[in-house]
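K.L.:
So the chains spell out like this:
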Amino acid sequence: MSSTTKASRIGEEIWKTRVDKVNAELVTLTYGTIVAQLCQDYDSDYQEVNKQLDKMGYNIGMRLIEDFLAKSGVGRCANFRETADMIAKVRTSVIRNGYMSEQVGFKIFLNVTPTVTNWTSDNNQFSLIFDENPLADFVELPDDGRSQDELWFSNILCGVLRGSLEMVQVQIEAHFVSDVLRGDDTTEMRVSLVRYIEDEMPPEED
Amino acid sequence: MPVYSFYIFDRHAECIYKRLWQPRPTSLAGKASRSGSDLVGLGQTVRSTDDDAKLVFGTVFSLRNMVRKLGGEEDNFISYTTSQYKLHYYETPTNTKFVMLTDLKSPSMRIALQQIYINLFVEYVVKNPLSPTEHPGGVGVNNELFEESLEQFVTRVLS
Amino acid sequence: MSAPPRHSAVMSISNAGPPQSASTDKPQTPQQAQTPTQPMSGLRVPSNRKTIYDRHLNRSRNAELSRASFAFLFAEMVTYAQRRVTGIQDLEKRLNEQGYPLGLRLLDLLFYRSTSTSSSALSSSSTSSSPPNRPLRIITLLHLIHGPLWRLLFQRAADALEHSVSADTPNEYMITDNDPLVNTYISVPREMSMLNCAAFVAGIIEGVCDGCGFEAKVSAHNQPSEMWPSRTVFLLRFGDSVMEREKVLERAGVK
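Chains as they are written, first to last, in this note's numbering: chain U, 1 to 206; chain S, 1 to 159; chain H, 1 to 255.
Simulated from the structure, these hints should not be mistaken for laboratory data. Keep in mind the model is a prediction, meaning the values are calculated, not measured. For each residue, glycine too, the CB sits at the ideal point set by N, CA and C. The reader is advised that the hints may include incorrect statements.
[To be verified] Computed Cβ-Cβ distance ranges for the label pairs, DEER-style:
hint, chain 1, residue 1, chain 2, residue 2, range
1, H, 140, U, 40, 27 to 37 Å
2, H, 249, S, 119, 49 to 59 Å
3, H, 250, S, 119, 32 to 42 Å
4, S, 68, U, 129, 34 to 44 Å
5, U, 40, H, 55, 40 to 50 Å
6, H, 85, S, 107, 42 to 52 Å
7, U, 45, H, 86, 18 to 28 Å
8, U, 45, H, 249, 41 to 51 Å
9, S, 72, H, 79, 35 to 45 Å
[As the list claims (entries may be wrong)] Think about it this way: if two alpha-carbon atoms lie no more than 30 Å apart in a straight line, the pair counts; the simulated BS3-like pairs of lysine-lysine are:
hint, chain 1, residue 1, chain 2, residue 2
10, H, 93, U, 55
11, U, 21, U, 51
12, H, 50, U, 55
Build the full structure now, drawing on both the sequences and the hints.
P.N.:
Next up, the structure:
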């Protein structure tokens, strides 16, 4: 549990001192127009919209993790040992105790700290519960009888997590299981470890 | 303090950026430079810079893996020195590798490589909307902001 | 205005306009503001009532998010737009279209906030009177964009506001931003040197103008200077009807 408090403290400190900021409403509304545009382009085929959002998130995650690492450990670790510790935490034990990366990462991306809970006994799956979700701040889903059953409005976050963890060689699968926008009481994302990714080798010479 | 060259390798083991400032002396060029300057860097022109990049990658990749085997997962090498040049190495947790070759007298470039990662690569490549998230063939890394600031950093700050 | 009262949280919002206007996700909203007894007819709501109707609109007023998260979202918007366009003009048009609905919504937020803070002492005044700050003249509108809108979006005012000096184009105005937030991380390749991704912001401005009843076309142009390499000029061209109305109002002495 101590790693959780440590993670939130690190997140808080980085957030306060090292993150350039913008008005949250600009982000919220920009995200809203992206989703609305997708709904329009895909003719309210919400499955497809979910997929596109996940893809966008994946790209964002891959960039976000670089920014996160640059801002956090790596940036101020003149000392190599510290850097290595940071890498080790992020890389080798993400699922067991290193979910700090998600916590810290979401703090920096969205200024929220999701609760980590509902572990499976093999420690390969857990849930993230979002009490606050700035992306959904001004949102009501279209009253078309389908959107609340089919659209995961914040699906981009699944992609963000998938993309950022892949960059530190952890492959995961993530999906939402509930969302207050659908009338559920919580917003919950389920995360499962798929595998740890090995270093890639250069292609063989002809 | 001469910087000879600089490389970035991505997590797919591909060289996504390379830049040469001064030809690195090789034993052949070292001798030749005394007799005629047009032969300087001969050793490099014979071999294409592409091959150079591959050799550099192979070297740092093997070194890093051996160092980890010896000293544990968290160990890594920082630089090595030959009789001709010094190679500086910095690897991010995302497996992006930054390599710089300098002359022998150069101090550690570890911090400099970190700075290039944090202040140039992340700011001008990673955050650039017009640059793709991955860079097959180096696409997106060679943008004006990145290249110019790298040039400034190397020529004004490091020299 | 004699609609049956909803519960108080909604009332405080509805004073400033229909709460539906703040929803970011209703491209084809049926107008349901007039049936307040069933505000969310077909939609399920969480039992803890965390809905846009129950939470205060000013909750996020001073909230901040990381600039990088905006940059990354914006990057995805640009990338996605690029997949579906044929050229630079087309890309800018699409970015403009993405900004436009944002402008409409921000306008609601701006009005709501400026009335609720400045006239809280006058809260007994009739809701039917128009908000005191709605611009009627071009110059008031421009000041609204240059000041409050820019501050809401970028935490500072824009850098310059000018009127076209040419007698042929009295309908043209320019708003300058020396260093647009949206272009912070953008390095435009030479072959696309005309591109300015602040077309998105131009779209926002266009939405604000249209929302106020000032039909206009707004475009973003690169005007780099030695000191400000990404300096951008937003060119606002107002339509003929706006210019004619402007003359009438001028004669009538409306400010």
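K.L.:
It remains to establish, for every hint, whether it holds in the given structure.
P.N.:
Against the structure, the hints:
Residue 140 of chain H and residue 40 of chain U have their C-beta atoms about 33 Å apart, which keeps the hinted 27 to 37 Å range intact. The beta-carbon spacing between residue 249 of chain H and residue 119 of chain S, approximately 52 Å, falls within the hinted interval of 49 to 59 Å. Between residue 250 of chain H and residue 119 of chain S the CB atoms are about 53 Å apart, so this pair departs from the stated range of 32 to 42 Å. The hinted window of 34 to 44 Å between residue 68 of chain S and residue 129 of chain U holds, with their beta carbons roughly 37 Å apart.
The supplied range of 40 to 50 Å is broken by residue 40 of chain U and residue 55 of chain H, whose beta-carbon atoms lie about 27 Å from each other. Separated by about 49 Å at the C-beta atoms, residue 85 of chain H and residue 107 of chain S satisfy the suggested range of 42 to 52 Å. In this structure the hint that residue 45 of chain U and residue 86 of chain H lie 18 to 28 Å apart at CB holds, the actual value being about 24 Å. Checked against the hint of 41 to 51 Å, the C-beta distance between residue 45 of chain U and residue 249 of chain H comes to roughly 47 Å, which is consistent with it.
At roughly 40 Å, the beta-carbon separation of residue 72 of chain S and residue 79 of chain H lies within the given 35 to 45 Å, and the hint holds. Distance restraint check for residue 93 of chain H and residue 55 of chain U: the Cα-Cα separation of roughly 24 Å lies within the 30 Å cut-off, and the hinted pair is therefore satisfied. Between residue 21 of chain U and residue 51 of chain U the CA atoms are separated by roughly 29 Å; this keeps the pair inside 30 Å, and the hint holds. The straight-line distance between the Cα atoms of residue 50 of chain H and residue 55 of chain U is roughly 28 Å, inside the 30 Å bound, and the hint therefore holds.
When each numbered hint is compared with the structure, violations occur for hints 3 and 5.
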